[in-house]
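S.K.: Here's the letter readout for the chains.
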Amino acid sequence: MSFAKEFSKGLWKEIPPFRLVLGLCPTLAVTTAAQNGLGMGLATTFVLVGSNIIVSLLRNIIPSKVRIASYIVIIATFVVIVELVMQAYFYPLYKVLGIFIPLIVVNCIVLGRAEAFASKNGVALSLADGLGIGLGFTMALTFLGGVREIFGKGTLFGHALMGASFEPLSFLVKAPGAFLCLGVILALMNVISDR
Amino acid sequence: MRDMIKMVVVLTAITAVSSLALSYINDATRAAREYQLLKYVKEPSIKAVFAKLDYNNDPIKDRITLKLGKEGKTIFPAKKDGHIIAVAYDAAAAGYHGEIEVMVGIKPDGTLAGIGIMRHSETPGLGARVAEPSFTEQFRNAKPPVKLSSEGGTINGISGATISSKGVITAVNEALKLFPEVKKEVFKP
Chain A
1 MSFAKEFSKG
11 LWKEIPPFRL
21 VLGLCPTLAV
31 TTAAQNGLGM
41 GLATTFVLVG
51 SNIIVSLLRN
61 IIPSKVRIAS
71 YIVIIATFVV
81 IVELVMQAYF
91 YPLYKVLGIF
101 IPLIVVNCIV
111 LGRAEAFASK
121 NGVALSLADG
131 LGIGLGFTMA
141 LTFLGGVREI
151 FGKGTLFGHA
161 LMGASFEPLS
171 FLVKAPGAFL
181 CLGVILALMN
191 VISDR
Chain B
1 MRDMIKMVVV
11 LTAITAVSSL
21 ALSYINDATR
31 AAREYQLLKY
41 VKEPSIKAVF
51 AKLDYNNDPI
61 KDRITLKLGK
71 EGKTIFPAKK
81 DGHIIAVAYD
91 AAAAGYHGEI
101 EVMVGIKPDG
111 TLAGIGIMRH
121 SETPGLGARV
131 AEPSFTEQFR
141 NAKPPVKLSS
151 EGGTINGISG
161 ATISSKGVIT
171 AVNEALKLFP
181 EVKKEVFKP
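Chains as they are written, first to last, in full-length UniProt numbering: chain A, 1 to 195; chain B, 1 to 189.
No lab work stands behind these hints, which were simulated from the structure alone.
These numbers come from a predicted model, not from an experiment.
Some hints here could point you the wrong way.
[Stated by the list, open to error] Below, computed lysine-lysine pairings styled on DSS-like, alpha-carbon distance capped at 27 Å:
| # | chain 1 | residue 1 | chain 2 | residue 2 |
| --- | --- | --- | --- | --- |
| 1 | A | K95 | B | K73 |
| 2 | A | K95 | B | K39 |
| 3 | B | K67 | A | K95 |
| 4 | B | K52 | B | K184 |
| 5 | B | K6 | A | K120 |
| 6 | B | K67 | A | K65 |
| 7 | B | K67 | B | K80 |
| 8 | B | K47 | B | K6 |
| 9 | B | K67 | B | K39 |
| 10 | A | K95 | B | K61 |
Modelling step: build the complete structure from the supplied sequences, incorporating the hints.
M.R.: Okay, structure coming up:
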C-alpha cells in the first residue's frame with residue numbers, strides 16, 4: 001500500500017462515476033458544461049481531502065457507535081466552508097451549481113471514503129486516497145461536461161470550437177443527454193479495459 | 001457507561017470545533033459575500049440607472065447605509081472625481097402579480113437619473129414590458145412627481161397593463177418621497 005498506488009487508483013481503476021458508478025446525482029445534473037463539471041469536481045475534491053484527513057486523524061478517538069454521525073458533521077463542515085468561499089469569490093459558479101454544493105454532504109463517495117478508507121488508514125494514505133478519488137471525480141465530471149458541451153453547444157469552456165455550420169445537438173445539454181453520454185462512456189470504458 | 005460518556009464527549013467536541021471554524025469563516029467571508037450578492041443582483045440595474053451619467057467610481061463599493069426611520073437603507077452613489085452626482089436606491093410597489101422592485105436613480109436637484117426594474121413577476125408579454133427600455137427610458141431626467149399621461153403626467157403607460165405601469169410609478173414616487181431625507185444625509189456640505 002503505497003502513496004502513489006492509493007493516489008492513482010482513483011484516476012482509472014476506481015474512478016468514481018464511471019467505475020464505481022457512485023455520485024451520479026451531481027454527475028448527471030451539473031455536467032451541462034465542462035466548467036461546471038470542473039468546479040463541482042474541485043469542490044468535492046476539497047471536501048474529500050479535508051474530511052479524509054480529519055477522519056483519519058480522529059480514527060482512534062471516535063467511538064464506533066457514533067462514527068457515522070461524526071463523519072457527517074466533519075463532512076458538512078467542509079461543505080459549508082466550500083459553499084461560503086464559493087459564494088464570496090466565485091458567485092456565478094455558485095449560482096450554477098446551486099443546491100448541488102450543499103448536497104455534497106450526502107454524496108456517497110465522500111462518506112464512502114471516510115468509512116471504507118480513512119477510518120482504517122493513516123493520514124498520508126488517506127490524503128492520497130482523497131486526492132486521487134477527488135481528482136478522478138473532477139476528471140470524470142469535466143470530461144462528461146466537455147463532451148456534452150462540445151456536441152450540445154459547440155463550445156468548450158465557453159470557447160467556440162465548431163464552425164458556424166455546426167448544428168448543436170442541444171438535447172445533450174438537457175437531462176436525457178446526460179444519461180446517454182454517461183452510458184456511452186461506461187460502455188467505452190468497459191471495451192477498453194476488457195482488452 | 002464509560003462508552004456512553006465517551007460518545008457524548010467526542011461528538012460534542014467535534015460539533016463544537018466545527019461550529020467554531022464555521023463561525024470564523026462566516027465572519028471572514030461576510031463582506032465579500034455581500035459585495036458579490038449586490039454586484040450580481042443589483043449592479044445590472046444600477047448600471048442602467050446611471051447609464052447616461054459620467055461617473056467614475058464603483059457605486060457598490062462606495063455604498064452608504066442610512067438609517068431612515070426604523071430600517072436601514074442602502075444608497076448607491078455615482079461619483080465623479082469624488083463628488084456625488086446622483087444616488088440610487090431601491091423601492092417596491094405592488095404590481096399585477098406581487099411586488100415590482102425598482103432601482104431609482106435621483107440627481108441632487110431631485111430629478112430622476114433613470115430607473116431599472118430589478119425584479120418582477122408580471123405577465124410575460126404584457127405587464128412584463130415595464131422592464132423594457134421603451135418604458136423605463138421615459139423616466140430618464142423626468143421631473144417629479146411622475147404620473148401616467150392619462151392622469152396628466154408625462155409617462156405613457158403600457159396599454160393593457162395599467163396596473164403594472166402604475167406599480168412602477170408608485171414605487172418611483174415612494175423613492176422620491178424618501179429623497180429629502182436621503183439628500184440631507186448624503187449631500188452634506
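S.K.: Is the Cα-Cα distance between K47 of chain B and K6 of chain B 27 Å or less?
M.R.: Cα-Cα ~58 Å, so violated.
S.K.: Given the hint that K67 of chain B pairs with K39 of chain B, does the C-alpha gap stay at or below 27 Å?
M.R.: holds (22 Å)
S.K.: Does the alpha-carbon distance linking K67 of chain B and K95 of chain A stay inside the 27 Å limit?
M.R.: violated (31 Å)
S.K.: Given the hint that K67 of chain B pairs with K80 of chain B, test it: the Cα-Cα distance must not exceed 27 Å.
M.R.: Cα-Cα ~25 Å, so holds.
S.K.: Is it true that the CA of K95 of chain A sits at most 27 Å from the CA of K39 of chain B?
M.R.: With a Cα-Cα distance of about 13 Å, the restraint between K95 of chain A and K39 of chain B holds, given a limit of 27 Å.
S.K.: Take a quick look at whether K52 of chain B and K184 of chain B sit within 27 Å of each other, Cα to Cα.
M.R.: holds (24 Å)
S.K.: Against the 27 Å threshold, does the CA-CA distance of K67 of chain B and K65 of chain A hold or violate the hint?
M.R.: violated (53 Å)
S.K.: Would the pair K6 of chain B and K120 of chain A pass a check requiring their Cα atoms to be no farther apart than 27 Å?
M.R.: holds (20 Å)
S.K.: Would the hint linking K95 of chain A and K61 of chain B be met if the CA-CA limit is 27 Å?
M.R.: holds (21 Å)
S.K.: For the pair supplied as a hint, K95 of chain A and K73 of chain B, confirm whether the alpha-carbon distance does not exceed 27 Å.
M.R.: Holds. K95 of chain A to K73 of chain B sits at ~26 Å (cutoff 27 Å).
Hints 3, 6 and 8 from the earlier list are contradicted by this structure; the remaining hints agree with it.
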